[in-house]
Every structure is written in C-alpha cells, then in structure tokens.
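Going down the list, the protein sequences come from chains A and B.
Residue numbers for the first sequence follow the working numbering, beginning at 1 and rising by one.
Residue numbers for the second sequence follow the working numbering, beginning at 1 and rising by one.
Some hints could be false.
Said to hold, decoys possible - 25 Å max Cα-Cα, derived DSS-like pairs, lysine-lysine: (1) A:Lys-169 x A:Lys-112; (2) A:Lys-640 x A:Lys-677; (3) B:Lys-177 x A:Lys-424; (4) B:Lys-424 x A:Lys-177.
In short, the hints are calculated from the structure, not lab data.
Number of protein chains: 2
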Amino acid sequence: MFLEDGKYNGKTYEYCAGYQYRDSIIIGFAHTNLSGTGHSDLGDFLLMPTIGDLVLDPLETKKGGKGFYSYFSHNKEEASPGYYKVDLDSYNIKAELTASERVGFHQYTFTKSDEVHIILDMVYNVYYYDNKNVWTFVRVENDSLVTGYRQTKGWARTRKVFFAMVFSKPIKSYGHKKYDDIIYDGFYRRFNQSENFPEMAGKNIRAFFNFETDEDEKINVKFALSSVSTAGALENLKAEIPHWDFNRTHEETKAMWNKELSKIEATTLSEGYKINFYTAMYHTNLSPILYEDVDGQYRGLDQNIHQSEGFANYTVFSLWDTYRALHPLFNIIHPERNNNMIKSMLAHHDESVHNMLPVWSHYANENWCMIGYHATSVIADALVKNVGDFNQERALLASVNTANVRYFDGLGDYLDYKYVPDDKSHSSVSKTLEYAYDDWCIAQMAKQLGNVSVEKTFLNRSQYYNNVFDPIIGFMRPKLAGGTFRKDFDPMDTHGQGFIEGNAWNYGLYVPQDIDKMITMMGGKERFAQHLDSLFTIEIDEKYIANHEDITRDGIIGAYVHGNEPGHHIPYLYNWTNYPEKTQERVRMIMNSMYAPTVDGLCGNDDAGQMSAWYVFSSLGFYPVTPGSPYYALGSPLVKEAAIHLNNGKMLTIKANNQSEENIYVKSVSVNGIIIKGTLLSHQQIINGGEIVFEMSNSPGKK
Amino acid sequence: MFLEDGKYNGKTYEYCAGYQYRDSIIIGFAHTNLSGTGHSDLGDFLLMPTIGDLVLDPLETKKGGKGFYSYFSHNKEEASPGYYKVDLDSYNIKAELTASERVGFHQYTFTKSDEVHIILDMVYNVYYYDNKNVWTFVRVENDSLVTGYRQTKGWARTRKVFFAMVFSKPIKSYGHKKYDDIIYDGFYRRFNQSENFPEMAGKNIRAFFNFETDEDEKINVKFALSSVSTAGALENLKAEIPHWDFNRTHEETKAMWNKELSKIEATTLSEGYKINFYTAMYHTNLSPILYEDVDGQYRGLDQNIHQSEGFANYTVFSLWDTYRALHPLFNIIHPERNNNMIKSMLAHHDESVHNMLPVWSHYANENWCMIGYHATSVIADALVKNVGDFNQERALLASVNTANVRYFDGLGDYLDYKYVPDDKSHSSVSKTLEYAYDDWCIAQMAKQLGNVSVEKTFLNRSQYYNNVFDPIIGFMRPKLAGGTFRKDFDPMDTHGQGFIEGNAWNYGLYVPQDIDKMITMMGGKERFAQHLDSLFTIEIDEKYIANHEDITRDGIIGAYVHGNEPGHHIPYLYNWTNYPEKTQERVRMIMNSMYAPTVDGLCGNDDAGQMSAWYVFSSLGFYPVTPGSPYYALGSPLVKEAAIHLNNGKMLTIKANNQSEENIYVKSVSVNGIIIKGTLLSHQQIINGGEIVFEMSNSPGKK
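Kindly produce the complete structure, drawing on both the sequences and the hints.
Structural data, given as structure tokens:
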C-alpha cells in the first residue's frame, strides 16, 4: 500500500501485511512486515525488478503513465513457508524469494535485455497516516554492495532499520531521485547526484540499479537487515548467507520451518483440517520476531545499542492479543523461545524510561497499543509452569514497577478509586477488568516466590473487578468517579460504553482469575449459562457492527465475537456451569465456521498469532482460560491424533477415539490410562508426556 | 539566531558562531558552535534559565508577548578561554559557563522563586535555510538526568548529536511542547505528554524543567555530548566531570588553555599586540575539534560507530582555509595533534564511500564546501617535515585515490583536458590552480617515499596551471573545452569569472609550487613586482565589492583581500622579486590594519583559524607560502621576542632586535649566530631550536 504525504486512506486493515490477495498488481517486495496486526507499520526497503524504460513511480507517473508495478495472477504464484514465487507478467520476470533469519534472498529470472532495473524504493511504507519517513540514507559501497538505513515515525515513533544489499552481478549504472517538497542539499548540489553518485540522503528516495541480462539470466539479491547499523547488517549477511546458492538457502529455511511445524504431528479428519492446523501452526511462528544481530547486539528502547547476555532478543509483542493463548502455547512447544521473550521483556523494562514491561514491543519502541500490562500474565504463566531460567525476582520487581506507573492509561485512578472511573478514562471497564486480572498474575508470581506482602497487595487489587459490576442490571458497567454507575449505557454497543473492541455482553465476562465468583455475581450457574446461550444466539442489530474495523459479520456468532480477542475464553466458560457439553459444541462450531483452508480462511486478523494459537489449542482439546494458572480447560479436540514433541525430550500423544464430524462430545478423558474428573487438565499432565485419550461421542456424556 | 521553517534570512555570516556582539538579548546557551566559518551549522541544545511565567517561544509568543530571551549588557559580561559569565537582566539570573573537552558546565545563580525554569530548546538551530531538524528524542531518566539526541540536515546532511544532561538539584516538574505542523503521535496520544511525561520525540521540541530556589541559590547543569549515543554521552560526563565543583572545572580548563597558549611566549611592543597575538593563538585552538567519546568510539562518515585505534579522532576540517597556515603552524607547536588529525583524515578516507580524503570534514559528514583536495597538502606538509607516525604509504594511496575521483567537482574534466573547462564547471580557473598545487603536494609525498611513477604523474599534473594562463593579457583566464579562452572576461570581477571568492588579479597568483616559473610567465620579476604594487594600490570599483558576503572594504587593500584566503601568500611573493622589503612593508601593514584588540578586530571571519594562523606566523617573522615544502618565507616579525616550546623538548627563541613601529625592515636574519642568505627559512632550522635573530631597521637593507 503506497501512501503519499499527509493522506489517510483508511485501508489500514486491508493492507497492514503489505499483501492483499484481491489485488492484481505487485509494486515490489518489502523486507519487513507484520502479520495480522490490527494496526500497520514497517514495509521497509521495497525492491522491484523491471524491464524497459525506467519508471520510478509505483502506481502512476506524473504524466499519467503506468507506474513500475507489474500485473500478476495467482495461478502463477506459489507460496510456502520460507518461499514465494510469482511471475511479474508486465515484465516477463520470474521472481522468487526466500530468507534466512536476518537476510532476504531474491532471485529474479529475466529475459534478454539491456534495460533491466532493480528499484529500491525507500519511500514505500505500510502505515495508515502521513508519510512516515523521517530520514533515509543510502551508500553504493562498490559495484555490487549497497548499504543504508531508514528512520520512520509510524506506529513505532522513533524507529531505525539498517540494511546491506548485495547483487550477484556488478551494477552497470545507477541513480536515485528524491521526492521531497524542499530539496536543499547543501554543497552536494555541486554533484550530478542523479547518476552514479554513490551517496544518497533525504526524506524520500527511490534508487535504481541498472543491468544487462541474457535470456533466462538470473540476478540474485541478498538483503540483510539490522537494528544496529549497516556494519551489523553486513555481518549478518556474511554470517547467514555466505554463498549465492538460492536453492540451498531455500532448503535450509524449509528444514527450519519443518522442524518448528512438526513439533506437533497431527492426524486430522480431512485434508482441510490439516491445512487449517498447520496454517495456524505457521501463524504462531511468525511473531514475536528475533531482534538482534548475529553478534547479539540490538537497539534498545533507549535507542542505545545493547548486547543480549544469556538470551536472544525478541520484539513485536502484541501482548493484549498474545498473552491469552500464544505465549501459553509457547510454554508447551517453544519454552526456550518463550524464555528468551521473557528475558527480552525484562530488558525492555530496564531500557524503558517508564520502568515498564512491554505493552506492545515494536522494534525498539513501545507503541502503547491496546490496554493492560499483560506481560505480567506471560511471565506469571511461565513462572507457575516452571518454564525458563529467567530471573524470577527481577521479573516480579519489573511487574510491580509496571503496575504502579500512575500516569499510564488510567492506572493512577484505578489505584485511587479501585476502578477506572469512566469520566476520567475511556474503556474504563475493560481497563478495570484487565488490570485486575494482571494484578492477579502478579500475585501468583509473588505467591510462588514467597513474597507475602506483594501477593496480598495484588490479590487485593485483583478483586477490583467487583467495583464495576452493577448487580441491578447484572452487567459490568462503567462507573463514574463519584461512585455512581453511568446512566446512559447500552450493554450491546461496542462504542463508548466503557469497553474497547467489545461490549458488556461479551467483554463483561472477563474475570478469568475468579470465574466461579463472577458466575455467582452474575446470578449463579444456571443464569450464567443462559447468558452464554443468549450471547451465542442473540440477533444483534446491524448498527452495532457498522463502522467497526475489527468486527465483521464473518467473525460473529450472536454477540460472541471470535474475530477479536476479549472473548476467546468465553466458549470454555460453560465448563464452569452445568453444561460442559456446550463448550464442546461451541468450540467445534467455532473451529468449523471461523477457520477455513482458503485465502480468506480467518474471520478477522490473526492478531499476531492469537487467533491461530486458539485454534491449535482447541484442536488439541484444551485451552488456557486463565494464563498464570497451571490449568487448561478441556474442550473438544478436532484432531484424530496429535503427537506433541516436548522440549524435555518427552512426547505427549493426544488421541480422540471415535473422532468424527458428528462425535463432537467428550465422553471421558484419560491421562496415561487414568480417567480424569472435572474439566481441567494440569500443565504437569501435559509436560510429563504420555497419552491423553478423549473418548468422543455423538451425544453429551456426563463427565 | 532562530530560524523558523523554510525561511532564509541571509544572516549566515552574522550569526554563524551563534553570538553577535551587537545584540542586546540572549536566548540561551547552545553546546556546539563553529568559530569563524563562512557557512553555518550546529547550535545544538540551547539551554536557557528563566524565572516567572513559563514562556517557551524564544523571541515572541504567538500573542505578541515577550519570548524567553533576556536582556543583557556587555558591562556585566566576562569572557576568557574556558569561561563565560553574563547577567541575564530580565530574570536577575547570573549565568556562568565552563567546560571540559566533552562536557559543558553551567552555573546559574537565582533569586528566591518558586517559578524557576530551565528551558531545553531542541528547535534552535544555527543554519541559513529551512528548519534543519530531522528528529529529536528526549528522555527524563530520573529526577535529575535527561538524555536525548538530535538529527539534523544542515550543512552536514546527515548529522546526529547525543547528549546527557544532569541537574545538581532534583527537577520539581517538567514538560514539553511540540512545534510540528502535523503532530500525529500514535498511541502516545493516550498520555498527557505535556506534563511530567518522561519520553519526548518529534521534529521540533522545547522542554522545560521547573525548580524552586532560595535567594542566591545556584543550580548547576552538566551537559555532555557524544556522536555515538546517549550512553556514550553519559560515560563522557562521568569520566570528565564526576563532581559538582564548578570552580574546579573552570580552573582545570583554564590550566589546559594556558598550557596550549603558552607554547609560544611572546613579548610585544604593546599590550594591544599581545592581545592580538594571544587572541590569534586562542583562535588557532578552536578547531579542528576532538570528535570521539572518552572510550575512543566515534561516528564515522558511513554513520557506523568506529573505534579510534592509535589516534584521537578529529572533525571540523575547513581545509580550503586551514591547509595554508593553520596546519603548518600545528606542525611546529602541535605536531601530535596534527598527527591525530592526519590519522582522522585517513579514517575519513576509509569511511568515505567516495574513497576520498576530507574536503570539509563536518561531524561524520563531508559537506563539500569550497574546492580542491587540500588534505593532500596537510599530509605532504607533515610528511616532508617528518611530523607524526601516520602510515605514509597509506596516506599516499588515499591522496592518489582522492585525486582520481572523476565525478568530483570538475576533476574528470581536469584529467581529460588538463585544465577545468569553464563551460563545464564553475570556478574553473581556481579549481585548475588548486588541483595543480594539490597534485604537486602528492608528488612531494611520492618523491619522499621513492614512488617514482606516482611522483612523475603528479608532477606532470602539477603543471596544468600553465594551461589557464593567457600570455596575451598576462592573466590566468577561464578556458573553454574547445581550447580557446573565454571571450567575455573581467579580471577584476570576483563573480563568475572562473574564480571563487577572488579574481584573476589576486587568485590568479596561486601557483605556490612554482613561484619562479609563474613570475617568468607573468613577464619576469620587475613586471611581477609591478603587478603586486598595483594589486595593493589599485582603486577598485564599488561594484566589485557589493553583494559579496565574504569581502568587505575592511578586509581589502587595493584589490588584495586579506579577509579571505586565496591571497594569504601574496604579500610574501615580493620575496621572489627584487623587493623583499615590500613583503616586510605589506606584512606589517596587514598586521596593523587587519587585526585589532577589539571585538570586531578581524577583517573577515576567522575561517576556522586560518586568519589567526597567518597572524601568528607573520608575527614571528615567517610564513609557509608553500605547504608541502619544508621552507618558510621570511617576513617582518611583529614580536619583540618569542619563545616557542617545541614538542621535541627544544626551545626556539625569536628575537627582533631594534624592534619598533618604524623598524619594520629586516636588515639581517641569523640562525644560531649565523646570518642566513636569501629569504627562506627551513623547517629544520626551526625545529632544531636555538635562536633566530632579526635585525630590524627603519630602512630597507640589502639582504
């Protein structure tokens, strides 16, 4: 998505990943992208091969001519983990892409031409507002090496990314053009900078590199990234891809992906389910991302260069989404990575001028997206599950620091009033509920570490959800600073009713730390089950859906919104009523209706892996309703069988006997031959390995 | 000088140092400034203490109220090397400033007030065009430490400077305001950023820090700089000023200055001459400046961080000016610093994507100001004088590389045509003359290193000045690519006549490598002496002076322009005629008329020390007419006596017997008792120490 200065085109959601299946044109291949986030950024360093007259405008030239884009069609497109291939029909160029961890590897196959161009577009951005470039800098170091950097002010406010790009063939000639309103260039004006001048700098630059090719000649480009410096990018390039064998890198990358994806070997009822399952597995591996050079150096929040000691540094923590199921999933299949992520969060805390754990960690920036301080949940979940070797005392201290930053998003008021007053802060109920849950997570850490005082303080705070429940109407409801509930209130409306991206009907059920108490508060098990029934069946008015970017009819069942996160635990709440079979029904229904093996298979954006992590867990038959506790709620597995290769060398096999489309009910569950009671599974039962067998049935059985 | 976005106010010259004596107001104290350069930049991090209502606009508020400036008067102002004091009358604040090498130290004495503000203005710039800020970033790390950086696109195109500022007293409260047209700030908008929010970022920011004070209470501020990072700035701060004793730092800095200034102990005819001499000595120490952190890290031209191995890294090389006399002066009194500078130039070459030595090295940038590649002169001068331990082979290679960058400023044409064709390049004659001289310097290096091939090539190139001499009119004259001289030509005009900041009359005499041949070419000694006589006495029309920023009547004697550099050697050229006494006359005349012990004592800007170095040399009685040769031309000393403390432990005493205002003629010169013949002094004669005695007289004596 190409955005010119100052315009807002409202297409954030459609284009946040930098790829829109509906499109018929390609304007190039960028080197950083977010996958399934609710906001947009990145899109650094767009590379585009063309043939013929040089055109430097992506979509349309000033005179109305065709931009440098190419038409393409999906039937000449191929994508698999670590590989992408497409025919650029406008130029008769075959483009293939693969990558190592820090280096993109391009392979372009050309026809015979003496007018081949590879365009490096430093203007291109993925962002929903303004041209976010702050500065760009490019050096043509020699006849095949180009280095540079870009600084942007997008979703990440002060963000730098450096590159080193090397061509497999010497550049014949090159040049660049600036797209700035005011181009005053000091005494550089003495040079003819547009042709073969090796030093380019400005706000908006497009560079081009010219080549001659024979028929079927390939030109390869290796494109290394670094958060530290161009020197760092060059070291990454040398370390990761010291050769020009595109297929070798493709094979190595494929092998790495297969290793990760095969951590769970699933047998499914159909090929479609298999595609769904491994697509979900793939998505759960796309972020958080490694954010350090091969030598362990990385740019920190303070914009200084740090060295990761005893960990690998990660970024892209979309924590409001991912603390729910993605990080708990990591605790089972990627504990070492989750350990690195927690250490990265602690480093983030230490580098933060606020002394806060990340809310949304974003390329050496905090972008403050969404609410809560859910890093505490991620840490508590790992801590109670004994995952990792991070410093637990330091983690507790960082969590307590975070939970006491009074100027953070209504937190001071939350501490003073014991709820977030609606007249002082937007999304007041959501914040109250989530702060209370996060505080419970901190209490769990303190408990485990024997810190009675902190445990008591935060257990007390974890009860503040009580203060926004209105027993008269039976809903969580925004409360004013004066102590009265807000008069004007619509529990079905998702706008301005004290909730963010949700309403009292669904988001109001967010008390994962005290589910039994919440149910009692809401009138007991029967009445609560009826609330859930209504939630899943109610006919909601169109007005509640219109103009909501993140919620569409596709992602909704009644007033349950699967396309967004705050309700992801809700289908499992029937377990706490007398109707666990309804959890089984709803979970299977959601898996069937909200995930499909098609290009538009998800009912909302993937939210950095959370939608997919929900699917992986639910497919296996359980779900972490309360991260920070060592228990999972049982659901209804979709797999026939799954072998989970655990980090401790053990293997856990999950079997669903009599699995079928109809047999969605769970008659019994046995762990290593012993039938378990209740609807919970412990982390220990999973991590010990062995066999969990679900006996499936076409009718609800008593548990 | 405060410049708003996009305006050009034409006051570059007046305000390039950030201080204008004529002004009656002060808007604060910045931490980087250039001294006496012909262009402007820097002015980073303006600090201003105020009392009363908070005002964040420097000159005038939007409503027309008074800005935060203060009135001041020169009679309550005090300045000495390493110390500045002024009363800020508008606020009744006494401001004192001192510094170590990398840390500024402020001391503000306040009256009793609960409304004391210290403003950190990140918008303020010294630059002649546009608002040059690219990005600014500030963190309030704790109750007394603030860090941050600024990136600018001024004379240096891609320039970053980092700081760490610490207050002697905890900040009571603080805040900031942005001055950007579009302030979209992502999810930072959730915060009240204007009050006590510790993280600030944007293009244009002014921050303020509030304090309460008692009567006569001092608040100190230490302000450390780094080219590397805020972490680097903080280390510089800790290493250089680990205490709060302002007087101690002042005393230490004063001692360092005295050490440098007393390398020449001069006795003069008058107090005024003494002030002139030591003012000049002071100026010659203001730049080039140290450009590395205490740990030796510095930002290179490639914007990567480098470590200086075996040298200290310097920047601010205004080489078109300073190769003439400043670096030769360093070879006598600061050989170790000049050695570091040459090593810095070699590092610059290695970091340069052009593989070029610096033209104008400017804070990890090349600003390309003026012409030639005079780093070769600096290196050759050190090499033939056996100064330093830099790698001479590497220095020769770097010089040869530099002299072969075809796209540099007409250099390709110079190589092809053996002169710079006037229809292809501006300032064609100046470039031809200076390239030829620089090439001669390279030949001198090659000769010393026994590289016959390079010597021959560059000796050949050093003769290209012949190709722009028109024997018909007897002047250097612009020649076209076709081989004919340009028809329309005015040898007196300094605009568009093939010369830069000069004309054929003065700049045309620039063949320092072949003075005898030039004189022959211009008609022999008598005719050349007449040319010089005319040059110094001609009445030039006002039209030739109007609209020339760098040349005013004050700096002109006839058509000789002392206020600018290309003619600085000219007064000494009489030595090559039959009238060396005229050199003596002119040199004394220039010293008397162009330098004065007053605030406007110079006849032009100091050009980074060159004007002053000319004065120091001339005061001592000799001048390096041809840097790159080990000889100095004799003039007429102004000192009565001077002791030069040489780096080798020896001392050279210069005595001017019978020195007086009238006795400007040199009857004889003896070195260690032996009267020398001719008008040259060798570097060896200086560096051996001992005594050089000038016998002065009131009438020209035969030499």
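Next on the checklist: Check the hint pairing Lys-640 (chain A) with Lys-677 (chain A) against an upper bound of 25 Å on the C-alpha distance.
Outcome noted: holds (22 Å)
Checklist entry - Is the Cα-Cα distance between Lys-177 (chain B) and Lys-424 (chain A) 25 Å or less? => result Roughly 23 Å separates the two Cα atoms, so the pair holds.
Next on the checklist: Just to be careful, I want the Cα atoms of Lys-424 (chain B) and Lys-177 (chain A) compared with a cutoff of 25 Å; is the pair within it?
Outcome noted: holds (23 Å)
Checklist entry - Given the hint that Lys-169 (chain A) pairs with Lys-112 (chain A), does the C-alpha gap stay at or below 25 Å? => result Judged against 25 Å, a Cα distance of about 15 Å means the pair holds.
In this structure, every one of the numbered hints holds.
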